[in-house]
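Participant: Dock chain B against the given chain A, drawing on the hints supplied.
So the sequences go chain by chain: A and B. When you line the first sequence up against the working numbering, it's residues 15 to 367, in that order. When you line the second sequence up against the working numbering, it's residues 15 to 367, in that order.
Read the hints as simulated data drawn from the structure, not as lab findings. Treat each hint with caution, since some may be false.
If chains are identical, the list can't say which one is meant, so a pair holds when it fits in one copy or spans any two.
[Stated by the list, open to error] Taking lysine-lysine and the BS3-like style, the derived pairs with C-alpha atoms no more than 30 angstroms apart in a straight line are:
no., residue 1, residue 2
1, K42, K260
2, K96, K69
3, K69, K111
4, K364, K172
5, K270, K309
6, K350, K313
7, K364, K338
8, K270, K184
9, K264, K364
There are 2 protein chains.
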Amino acid sequence: MKILKVLGTFALAAVLAISANAAEKKVKWKLAMTWGQTLSPFTDAVHGMADMVNKMSGGDFVITIDAANKHKAPFGVFDMVKLGQYDMAHSASYYWKGKDINTLPFTTMPFGMTAPEQYAWFYYGGGMELMQEAYAPHGILAFPGGNTGNQMGGWFRKEINSLEDLKGLKMRIPGFAGEVLAKLGLTVTNIAPGELYTSLERGTIDALEWVGPGMDIKMGFHKVAPYYYTGWHEPATELQFMVNQKNFDKLSDRNKEILRVAMRTAAYDMYIQNYHMSGDAWATMATEYPNIKIKTFPKEVMDAMKKANEDLLSDYAKDKPLLKKVLDSQKAYMLKSRVWTQMSDYLYLKDNL
Amino acid sequence: MKILKVLGTFALAAVLAISANAAEKKVKWKLAMTWGQTLSPFTDAVHGMADMVNKMSGGDFVITIDAANKHKAPFGVFDMVKLGQYDMAHSASYYWKGKDINTLPFTTMPFGMTAPEQYAWFYYGGGMELMQEAYAPHGILAFPGGNTGNQMGGWFRKEINSLEDLKGLKMRIPGFAGEVLAKLGLTVTNIAPGELYTSLERGTIDALEWVGPGMDIKMGFHKVAPYYYTGWHEPATELQFMVNQKNFDKLSDRNKEILRVAMRTAAYDMYIQNYHMSGDAWATMATEYPNIKIKTFPKEVMDAMKKANEDLLSDYAKDKPLLKKVLDSQKAYMLKSRVWTQMSDYLYLKDNL
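Bound conformation, chain A alone (with noise of 0.2 angstroms):
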């Protein structure tokens, strides 16, 4: 009787024991993005990499995504995550640079790596330490979040054949490629989403960039400005997942790796997503509005735009040490595997087209 007596006690504490520490294990997480409710593929990326979190911890990690409609601050994202008002966030490196320019070269930079090419960097190149090395003085760990590929040059509503017929325009481009054209002469300017294509339509603006056709074909930009100018300025533009620094350290060795290998997948899954989505799309608006014309910059162009950009850079780069480290990482890694893109993909496309 008293052994059982004893059993029960021991038992009734094993059995709250582990009720409790079900009840720890139970984690629930809030993501803010800095899009709206659906914006394929970021936003697929996002409940693509909860799902994974989800059914991989049996559903005890558990992440909430709020849009920006909920949350009401696209970018205001990452003082939410360094606060720790939310957990982690989705969205892209390049919009930091006015609170910290070591954070720009994280996403894709002018004239650099295409995409396989920035992933080896990261995950092989030492890309990886320094982005954390960018962001550990906000507390915050960023990830890779999804890449957009090859982005085009934008929609042109006439010709450009010269300097001179850029000279003036009034085009939508935001961020780093915006500066490198407004010294080439460009009027660069930035308008809501909503009012692009009536702008562009009425010549409010002469020109815009987007992403490339998978995104692009919902705008219909392509039904008022004909010519569609190939890319230099977003060769494989990386999204990130940012992570509030204390709240992973939380985590156990489990969920670390479950939100580690969901964000990495969901990363990747997004590159092919978007280049199925980009293949499909211009398929349809090239059937449909047969007088669209694929347009690369002619050389006097596309040298001016180089130079303005390494102008550019060397001007960021002046005593910022950190940013210095970086765009040199990025540059010699590019010069290394680009030798390897050419003898491969490159050689192997130009008889195969």
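Facilitator: Below, chain B without anything else, positioned relative to chain A:
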């Protein structure tokens, strides 16, 4: 007292149930590789996958890995998985063309898709469903298992300037590509990896193909055959994880997802790792052996290979409806996505080499 007794019994039962459940939850799987102990990056992909599964399951799902020197049957892994002697394997689908021709196209095809095009076909263009259809009769589930990227066309002791130069040449090149070259008058042979270097050095063979710089460098071929031809026959070689369907069905939903995601990440990672290794190894080779020459086959050779390839494929596909369905699906997908590849990466690279 009575209450405690009942509670004790209940609690005891609960404890027993919980530990039984924990014991039951432990899953131990065995994987057979076609490869030896270390063949980077192939074996890294397998170990990476097993590591992720282990960590993400908190040690509840453990996969032990047997290399070919253990199970003694590099090309027996298909049957071992089919019969359930191993739960899963890591190999390449095109090795099974003699067993079931329908499995041929899921690794790579001459003049076929590049890596991002092929991943897009697998995951968003119907490829996965077709691969399951091909493997279903064998009770096997197949998943992408890592991509080498574009493989080089091989090392040649002499330069190839015409179709005539190829006639009578003795070359080590296995599989489908070997059949294509046999049609062009080459003597095609297979030689064990350990004897390849000596065979090439002594002129027993005039040429051979292996993979690409990252894996070729350790073999030393560049020291004895200076002409390194670009690829045509394996533009995106995807390895496969093969899983016994019945054993997979017995996994919990959580473990199914853990396995699926770990395989998917490991596959993408291998593509990126080999990209890195290739860029790195080529830089080393080119510095140490400046006499190595990168060559593409002349147009008349390329055209003859394309024709031989088409002829062989239509021979193979005759009266084989599933094979025909897969080849047609790949061709249609490639035509659509290649236009995007050209607009994006190809035209970008053209101006940035």
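Participant: The structure should be examined with respect to each hint, and the outcome stated for every one.
Facilitator: Evaluation of the provided hints:
no., hint, result
1, K42 - K260, "within (15 angstroms within a copy, 34 angstroms between copies)"
2, K96 - K69, "both (27 angstroms within a copy, 28 angstroms between copies)"
3, K69 - K111, "neither (36 angstroms within a copy, 36 angstroms between copies)"
4, K364 - K172, "both (29 angstroms within a copy, 24 angstroms between copies)"
5, K270 - K309, "neither (46 angstroms within a copy, 47 angstroms between copies)"
6, K350 - K313, "both (24 angstroms within a copy, 28 angstroms between copies)"
7, K364 - K338, "between (35 angstroms within a copy, 27 angstroms between copies)"
8, K270 - K184, "neither (47 angstroms within a copy, 53 angstroms between copies)"
9, K264 - K364, "neither (51 angstroms within a copy, 48 angstroms between copies)"
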